[in-house]
Amino acid sequence: MKIEVLGTGCAKCKTLYEAVKTAVKEKGIAADIVKVEDIPSIMKYGVMSTPALVIDGKVIFSGKVASAGEIAALL
Amino acid sequence: MLKQTADYITFNLMGLTPGTHTGEAVNFFLYDTTKIFLLLMTIIYVVAIIRTSFPPEKTKRLLSHKREYVGNILAALLGIVTPFCSCSAVPLFIGFVESGVPLGVTFSFLISSPMVNEVALIMLWGLFGWKIALIYIGTGLLVAIFSGIIIGTLKMEKYVQDYVWEMQVGKADIVQMSFREKREYAGEYTLSLLKKIWPYVVIGVGLGAFIHGYAPQDFLLKYAGCDNLFAVPLAVLIGVPLYSNAAGVIPIVHALMEKGMAIGTVLAFMMAVTALSLPEAIILKNVLKNRLLAVFFGIVAVAIVCVGYLFNAIL
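As they're listed, the protein sequences go chains A and B. The numbering used here puts the first residue of the first sequence at 1, with every later residue one more than the last. The numbering used here puts the first residue of the second sequence at 1, with every later residue one more than the last.
Treat the hints with care, since some could be wrong.
What the hints assert, rightly or not - For lysine to aspartate or glutamate, the following EDC-like pairs were computed, each having C-alpha atoms within a straight-line distance of at most 16 Å:
{"hint": "1", "chain 1": "A", "residue 1": "LYS44", "chain 2": "B", "residue 2": "GLU98"}
{"hint": "2", "chain 1": "A", "residue 1": "LYS64", "chain 2": "B", "residue 2": "GLU181"}
{"hint": "3", "chain 1": "B", "residue 1": "LYS259", "chain 2": "B", "residue 2": "GLU280"}
{"hint": "4", "chain 1": "A", "residue 1": "LYS64", "chain 2": "B", "residue 2": "GLU184"}
{"hint": "5", "chain 1": "B", "residue 1": "LYS171", "chain 2": "B", "residue 2": "GLU98"}
{"hint": "6", "chain 1": "A", "residue 1": "LYS12", "chain 2": "B", "residue 2": "ASP227"}
{"hint": "7", "chain 1": "A", "residue 1": "LYS44", "chain 2": "B", "residue 2": "GLU166"}
{"hint": "8", "chain 1": "A", "residue 1": "LYS12", "chain 2": "A", "residue 2": "GLU37"}
Claimed, not checked - Here are the simulated distance ranges between beta carbons:
{"hint": "9", "chain 1": "B", "residue 1": "LEU2", "chain 2": "A", "residue 2": "ALA30", "range": "50 to 58 Å"}
{"hint": "10", "chain 1": "A", "residue 1": "GLU70", "chain 2": "B", "residue 2": "LYS131", "range": "50 to 58 Å"}
{"hint": "11", "chain 1": "A", "residue 1": "GLU37", "chain 2": "B", "residue 2": "LEU2", "range": "41 to 49 Å"}
In case anyone wonders, no lab produced these hints; they're calculated from the structure. C-beta atoms are modelled at their ideal positions from N, C-alpha and C, and glycine is treated no differently.
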């Protein structure tokens, strides 16, 4: 499973990235977590508000931060 | 109700005397902070619910290939309800221009969105009354529409960073939220925003209360009254570095107005605080060449100064 956190480096993006790490650890699944910071890659997903969460190439949500619990439910 | 409670706490429980500097300052502080926090909680929540229906992706579709003028007006209005944070300014800008939103229309959105924001409106409504809040919304929209039209007329597309035009933008689905998800989102949003701004509100109202209780009446009349022509541009200059602190700045300005600062100067100052921000300029430098960035700031600053002079002249 590949999980991407899209964001240009604002505080909210870091919060989401940390929440994803916690969620993956709690569930004990093998997942690649990548923080995507360059604009062209973010735009490729058509995302206009950051942070955004992408799982296996699909945009799950954008423009908000979710808690580790909420993310775990999505995995 | 709130006024009576504030009076009771100050003059009965704390034993302060009405009419004294300390009594007036403490009473003012208690009344204003409770009133503002109640307003903030309710309105931020309602606005957050409305915003879930206007994700930027949808706004982009509504504005794509719109004509100038109609597009500028629509963009300024959508700026009020579309959630926007300056850290998303770059993807938002690219998404807009790539999907065929005219440059001037994009700017109308970028100007109106931070300027006509709910926190500034609540603070204005709570402290200055609904008339001033409405005037602020109206003139804020006009500044956004007018500045966008000028930028559109100047044909400045070549001063957008070249890579922006070559960017491949994917098509994102608009994620639909159920009403329960909307309420959850709004609740979390309200909490996180309040957590961020409450110290500014308390400090701002505290300083305002101090000025209200201690500064002599009319002490600003000479410097910031209608007769001083430099007051408006100076207020705009001072407003630029105070970005994102509308919550803290408005209570101070309210107290300053009581001491003689003219209403046009007050409006211009507030608009400069919300609309012209250095961090946003730095972020926008990623997509705009220097000349367009300077034109953007220059036009908005001039428009705000005009608003200031206009209201100093007519009110």
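Here is what the structure says about each hint:
1. About 12 Å separates the Cα atoms of A:LYS44 and B:GLU98, which keeps this hinted pair within 16 Å; it holds.
2. Restraint check for A:LYS64 and B:GLU181: satisfied, since their Cα atoms lie roughly 12 Å apart, inside the 16 Å limit.
3. Proximity of B:LYS259 to B:GLU280 is assessed by CA-CA distance (about 32 Å); at most 16 Å being required, the pair is judged violated.
4. Restraint check: the Cα-Cα separation between A:LYS64 and B:GLU184 comes to about 12 Å, which is no more than 16 Å; the hinted pair holds.
5. Our distance criterion of 16 Å between C-alpha atoms is met by B:LYS171 and B:GLU98, whose separation comes to about 11 Å.
6. With a C-alpha separation of about 45 Å, the suggested pair A:LYS12 and B:ASP227 falls outside the 16 Å cut-off, and the hint is violated.
7. For the given pair, A:LYS44 sits about 12 Å from B:GLU166 by alpha-carbon distance, which is consistent with the 16 Å threshold.
8. At roughly 13 Å between alpha-carbon atoms, A:LYS12 and A:GLU37 fall within 16 Å of each other, so this suggested pair holds.
9. Between B:LEU2 and A:ALA30 the beta carbon distance is about 56 Å. The supplied range of 50 to 58 Å therefore holds.
10. Judged by the Cβ atoms, the range 50 to 58 Å given for A:GLU70 and B:LYS131 is violated: they are separated by roughly 42 Å.
11. In this structure the hint that A:GLU37 and B:LEU2 lie 41 to 49 Å apart at CB holds, the actual value being about 47 Å.
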